[in-house]
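S.K.: For the sequence shown, the numbering used here puts the final residue at 329, and the numbers step up evenly by one.
Keep in mind the hints are simulated off the structure, nothing from the lab.
As the structure is a prediction and not an experimental result, all values here were calculated from the model.
Just so it is clear, CB atoms sit at the ideal spot from N, CA and C, and this is done for glycine as well.
A portion of the hints provided could be inaccurate.
[What the hints assert, rightly or not] Computed spacing ranges between beta-carbons, pair by pair:
hint	residue 1	residue 2	range
1	Pro123	Val272	14 to 24 Å
2	Thr174	Lys261	18 to 28 Å
3	Gly101	Ala327	23 to 33 Å
4	Arg198	Pro267	16 to 26 Å
5	Asp311	Arg201	36 to 46 Å
6	Asp132	Asp317	44 to 54 Å
7	Lys228	Ala327	15 to 25 Å
8	Lys158	Asp266	33 to 43 Å
9	Glu181	Val272	19 to 29 Å
10	Lys158	Asp83	45 to 55 Å
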Amino acid sequence: MAFRTRRSARSLVAAFAFAATSILSGPAGAVEISITQWGASLYGAPVAVAIEQGDFKKAGIDVTGVIGSGGGGTSVRNILASDVPYGEVATAAALAAARQGLPIVLIHSGTRTVAEASLVTMPNSEIKSLEDLVGKKVAITSPKSTSEMVFLMELAAKGIDASKIQRIASGGYTQGLTMLEQGAVSAAVLIEPLSILRKDRYRTVIAAKGLLPAMTTSVGITTRDFAKAKPEQLKALIAGRRMGVQAIYRAPEAASDMVAKQFNMDPGLAKVAMLNMIEPQMWSEGAFSMAELNRIGEGLKLVGEISALPDWGALIDRSFLPADLKADQ
1 MAFRTRRSAR SLVAAFAFAA TSILSGPAGA VEISITQWGA SLYGAPVAVA IEQGDFKKAG
61 IDVTGVIGSG GGGTSVRNIL ASDVPYGEVA TAAALAAARQ GLPIVLIHSG TRTVAEASLV
121 TMPNSEIKSL EDLVGKKVAI TSPKSTSEMV FLMELAAKGI DASKIQRIAS GGYTQGLTML
181 EQGAVSAAVL IEPLSILRKD RYRTVIAAKG LLPAMTTSVG ITTRDFAKAK PEQLKALIAG
241 RRMGVQAIYR APEAASDMVA KQFNMDPGLA KVAMLNMIEP QMWSEGAFSM AELNRIGEGL
301 KLVGEISALP DWGALIDRSF LPADLKADQ
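Construct the complete structure from the given sequences, taking the supplied hints into account.
M.R.: As structure tokens, then:
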């Protein structure tokens with residue numbers, strides 16, 4: 001998913017105006033929320049589990065559906081145009097919306113790892129390590145994308161000069177793999193679950209899971225007006241999602257079946273993908289970690305998305321979190 005907002009700030013402002021007019025009346029019954037990359041990535045796994053278990057109802061709100069998106073500005077627009085303007089988006093997308101002047105607020109942490117990312121080459125390639133890529137070409141999805149950020153962070157962690165490796169924008173993960181197979185690049189970025197599906201076709205050069213520390217890759221957001229008008233709904237959403245997270249870590253295989261059902265995903269694939277994310281603790285119960293927020297900030301600086309670390313204090317409202325999650329983790 002690219003970090004850059006793909007539509008104009010005007011469309012986001014219009015969406016916010018629509019949402020603002022709906023807040024006072026509020027939803028009377030069942031609600032839908034928005035989750036970035038729903039069904040395509042594991043960001044929304046806790047929500048999938050919480051819906052299947054009835055956790056949101058237990059917490060006091062009836063979430064009956066999820067509005068998915070391809071990420072970025074689309075995710076933010078979906079949230080702002082909803083009767084309940086709440087959802088989970090990539091941290092970069094939330095920061096982009098805030099820079100455009102939209103009065104959003106970050107109310108909980110979502111995911112906290114890039115462990116699903118890897119860099120692969122062909123089985124018979126001479127490339128054995130990141131160092132071997134100096135002077136070579138590597139396929140990323142697009143400039144300023146998550147894939148480029150992770151790759152640059154990996155190079156920085158290894159002390160490798162990024163300017164000595166040519167990055168080629170392929171337009172997507174599958175397109176990058178095609179370039180790799182055709183010999184146009186020496187390595188290509190990859191992400192789960194695609195890497196699981198094609199594990200026998202490529203050799204892993206490096207996996208982010210073994211190199212990069214935890215960082216806040218997605219956050220729950222709402223509008224400041226909704227936060228003032230409907231605080232109990234937000235508390236219920238956070239509580240329901242938290243139950244989903246706890247269920248994943250308590251019984252990951254059972255949770256993977258629920259995710260497979262909600263995502264319409266092959267159960268075997270869902271199981272492998274979910275189990276891979278247990279060790280790196282992909283899903284946060286909601287507490288913020290300044291260290292993990294600043295790590296994603298440093299990554300965004302590497303790709304030129306931001307020039308300085310954000311003022312997190314001005315963007316975050318912890319008041320909707322349970323008491324035991326309000327302190328910095």
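S.K.: Indicate, hint by hint, whether the structure satisfies it.
M.R.: Outcome of the hint check:
Separation of proline 123 from valine 272 is about 20 Å and conforms to the stated range, judged on CB atoms against 14 to 24 Å. Distance hint check: the CB atoms of threonine 174 and lysine 261 are about 25 Å apart, consistent with the given range 18 to 28 Å. In this structure, glycine 101 and alanine 327 meet the distance hint of 23 to 33 Å, their C-beta atoms being roughly 30 Å apart. As the Cβ distance of arginine 198 to proline 267 is approximately 19 Å, the hint placing it in 16 to 26 Å holds.
At about 45 Å, the beta-carbon gap between aspartate 311 and arginine 201 stays in the expected band of 36 to 46 Å. At roughly 46 Å, the beta carbons of aspartate 132 and aspartate 317 sit within the given window of 44 to 54 Å. In this structure the hint that lysine 228 and alanine 327 lie 15 to 25 Å apart at CB holds, the actual value being about 23 Å. Distance hint check for lysine 158 and aspartate 266: the Cβ-Cβ separation is about 35 Å, which falls inside the suggested range of 33 to 43 Å.
Range check, glutamate 181 to valine 272: about 23 Å between beta-carbon atoms, so the 19 to 29 Å window is met. Roughly 47 Å separates the CB atoms of lysine 158 and aspartate 83, a value that falls within the hinted 45 to 55 Å.
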